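Engineer: Sequences listed follow chains A and B, in order.
Oh and the first sequence: position 64 is 64 in the numbering used here, straight run, nothing missing.
Oh and the second sequence: position 189 is 189 in the numbering used here, straight run, nothing missing.
Note that these hints are calculated values from the structure, not bench results.
Remember, it's a predicted structure, so these values are computed and weren't measured experimentally.
Just to be clear, a hint being listed does not mean it is correct.
[To be verified] SDA-like, lysine to any residue: derived pairs with alpha carbons at most 25 Å apart:
1. B:Lys196 to A:Gly68
2. B:Lys32 to A:Ala26
3. B:Lys16 to A:Val50
4. B:Lys193 to A:Gly68
5. B:Lys193 to A:Val50
6. B:Lys32 to A:Gly68
[What the hints assert, rightly or not] Computed footprint of chain B on chain A; a stretch qualifies when at least three of its residues, placed anywhere within it, have a C-beta under 8 Å from a C-beta of chain B:
7. 13-22
8. 44-57
9. 60-71
Glycine residues also receive a C-beta, built at the ideal position from the N, C-alpha and C atoms.
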Amino acid sequence: MNLMQAPAAAGESDADLQAIRDSVRALCADFPGEYWREKDRERAYPTEFVQALTEAGFLAVLIPEEYGGSGLGLRAAAAILEEIHKSGGNGAACHAQMYIMGTILRHGSEAQKQKWLPPIARGELRLQAFGVSEPTSGTDTLSLRTTAVRQGDRYIVNGQKVWTSRAEHSDLMLLLARTTPKDQAKKRVEGLSVFLVDMRTALGKGLTIRPIHTMINHSTTEVFFDELEVPAENLIGELDQGFRYILDGMNAERVLIAAECIGDARWFIDKAVAYAGERKVFGRQIGQNQGVQFPIARAYAATEAADLMVQKAAALFDAGHSIGESANMAKLLASEAAWQAADTCLQTHGGYGFAEEYDVERKFRETRLYQIAPISTNMILSYLAEHVLGLPRSY
Amino acid sequence: MKVLIPIKRVIDANVKVRVRGDGSGVETQNVKMAMNPFCEIAVEEAVRLKEAGLAEELIVISCGVTQCQETLRTGLAMGADRGILVETDAELEPLAVAKLLKAVVDKESPDLIILGKQSVDGDNNQTGQMLAALLGWPQGTFISKIEIKDSGSAITREVDGGLEMLEIKLPAVVTVDLRLNEPRYASLPNIMKAKKKPIETISPDALGVDVAPRVEILEVTEPPSRQAGIKVESVGELVDKLRNEAKVI
Numbered sequence: 001m002n003l004m005q006a007p008a009a010a011g012e013s014d015a016d017l018q019a020i021r022d023s024v025r026a027l028c029a030d031f032p033g034e035y036w037r038e039k040d041r042e043r044a045y046p047t048e049f050v051q052a053l054t055e056a057g058f059l060a061v062l063i064p065e066e067y068g069g070s071g072l073g074l075r076a077a078a079a080i081l082e083e084i085h086k087s088g089g090n091g092a093a094c095h096a097q098m099y100i101m102g103t104i105l106r107h108g109s110e111a112q113k114q115k116w117l118p119p120i121a122r123g124e125l126r127l128q129a130f131g132v133s134e135p136t137s138g139t140d141t142l143s144l145r146t147t148a149v150r151q152g153d154r155y156i157v158n159g160q161k162v163w164t165s166r167a168e169h170s171d172l173m174l175l176l177a178r179t180t181p182k183d184q185a186k187k188r189v190e191g192l193s194v195f196l197v198d199m200r201t202a203l204g205k206g207l208t209i210r211p212i213h214t215m216i217n218h219s220t221t222e223v224f225f226d227e228l229e230v231p232a233e234n235l236i237g238e239l240d241q242g243f244r245y246i247l248d249g250m251n252a253e254r255v256l257i258a259a260e261c262i263g264d265a266r267w268f269i270d271k272a273v274a275y276a277g278e279r280k281v282f283g284r285q286i287g288q289n290q291g292v293q294f295p296i297a298r299a300y301a302a303t304e305a306a307d308l309m310v311q312k313a314a315a316l317f318d319a320g321h322s323i324g325e326s327a328n329m330a331k332l333l334a335s336e337a338a339w340q341a342a343d344t345c346l347q348t349h350g351g352y353g354f355a356e357e358y359d360v361e362r363k364f365r366e367t368r369l370y371q372i373a374p375i376s377t378n379m380i381l382s383y384l385a386e387h388v389l390g391l392p393r394s395y
Numbered sequence: 001m002k003v004l005i006p007i008k009r010v011i012d013a014n015v016k017v018r019v020r021g022d023g024s025g026v027e028t029q030n031v032k033m034a035m036n037p038f039c040e041i042a043v044e045e046a047v048r049l050k051e052a053g054l055a056e057e058l059i060v061i062s063c064g065v066t067q068c069q070e071t072l073r074t075g076l077a078m079g080a081d082r083g084i085l086v087e088t089d090a091e092l093e094p095l096a097v098a099k100l101l102k103a104v105v106d107k108e109s110p111d112l113i114i115l116g117k118q119s120v121d122g123d124n125n126q127t128g129q130m131l132a133a134l135l136g137w138p139q140g141t142f143i144s145k146i147e148i149k150d151s152g153s154a155i156t157r158e159v160d161g162g163l164e165m166l167e168i169k170l171p172a173v174v175t176v177d178l179r180l181n182e183p184r185y186a187s188l189p190n191i192m193k194a195k196k197k198p199i200e201t202i203s204p205d206a207l208g209v210d211v212a213p214r215v216e217i218l219e220v221t222e223p224p225s226r227q228a229g230i231k232v233e234s235v236g237e238l239v240d241k242l243r244n245e246a247k248v249i
């Protein structure tokens, strides 16, 4: 089933995309490696960077003009995130503000869109937390245990989410909860519903957020719901149809993450080339050695190839096509190209690669995430094997 | 007040410039181009004048190939109101550009012309001065500050010995230096709005300007690569080498 809708004005030209890239690059120049190192060291949220991106309108790129955004397509959003990562920064602190709203946009009522999208476009409301994964169900979404039970004009939510990124830096959370028990659902994929939780009022009233300290500076959390009341009007779309609604949003997310990987890969390659050209050992540049230059050349080729798939997936999305296959392949190939470039860059730098001031070790840790999140490589491979190639289901 | 901002499309300042194989010039094929950094400063200053309520209309103008439209769009995204492209494939020398600009100034009658002090490709540093001469207008070059007053414009220019303060009458030509301001990046909504702003295209012929080059370029070469230096053991040796080898003292 094709759940995609082409954005209203996805007709941006290559010149537009170039102008967007140039502007994002200029913005990122104000946030050099030193800025990101300090945030990383303190595990602090890059508030100033997110503020600058918000003020320049880049996080509202996908929101239609009638709701205050720029109404551009996924290609434009991908270009923005790629440039951020290519500059040495990291878009993970705010990339979800771009796309989580897509579920409201595609499946919310007109009243919900009028109420929520304009303040999200202005950056006054942050919707960049997405409560899906649970301790006992990650990719096995249909087994999630958080429940929402109707009582009068509200739903009562109980349960727990984990790996909810940016919950502490978000005003709203998109929540997936079970509204009909699994054994009573008409179809296997039914029984889950999507809610918009206003965390500003919910905190301390049934909502608890606990940060998880991780290998990278990523502001991820676990979230607990204890008799949390959510107004019934915050149900998005139809009751019990939530699983369907989140799937299409997840494909867009995969393309955008893949674009970030391409940006990472390009940063690593630029950095490796520069270092190989300036570092002299035994009286000559180390880049003169084929043992140093071939891995960089190979990583470059892998990056260019992966980028073709990212561009294809984004273009298909913008043209209104179903992108399960291409989005998953884009994420698979781009995350691996980024990792190949990261490993090559670190090896090129030798011991200096481990020094914080080169930024290589930070980016190395950061880009490793994308073979795991938002979906792990093995799940992509089993998707391709089963749903694209027609092999038997393996799990 | 109407402000005209001539801008130039050059090789991106972050790109390593290479000389063409045949030595006829530098390679511009498949090379990333961008607005000349000094021109960005000029546009930024004009936009600030408009934001301060001192200017009503900002016109960016560029002379050159079709792709200069992209550079004009950048200026429009920064805040200019409309663009003019004097379209030609000819290699333009500063005098030709100054003549083209004068012809447009005669039509548009701006009160102030703000341009970069030079472009980072040719480094000629001539166009602004030639334009002021052709127009017979006062000029302020290498400015690091500008104030618009009733009587005209007060400017601060960077000169070898320090700063020089001048008052010049409008209409005038000013060329901007690096320290005048820090140019903004265009916001996404402004990039999209720029697409709807008008760009008028005119030809040098229509302006009655002969742009034929006056100067012939014989050859362009890479600068010689720098030789390694030497270390001297003592002051005496240094003085000896400076006197007898380098013959500079």
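Engineer: Next step is simple, just say for each hint if it's right about the structure.
Structural biologist: Each hint tested on the structure:
1. B:Lys196 to A:Gly68: Status holds; Cα separation ~18 Å.
2. B:Lys32 to A:Ala26: Status holds; Cα separation ~15 Å.
3. B:Lys16 to A:Val50: violated, 31 Å
4. B:Lys193 to A:Gly68: The given pair, whose Cα atoms are some 13 Å apart, holds under the 25 Å limit.
5. B:Lys193 to A:Val50: holds, 23 Å
6. B:Lys32 to A:Gly68: violated, 32 Å
7. 13-22: holds (count 6)
8. 44-57: Per the Cβ count (3), the hint holds.
9. 60-71: Coverage by chain B holds here, the residue count being 3 at a Cβ distance below 8 Å.
In the structure shown, a violation is registered for the earlier hints numbered 3 and 6, in ascending order.
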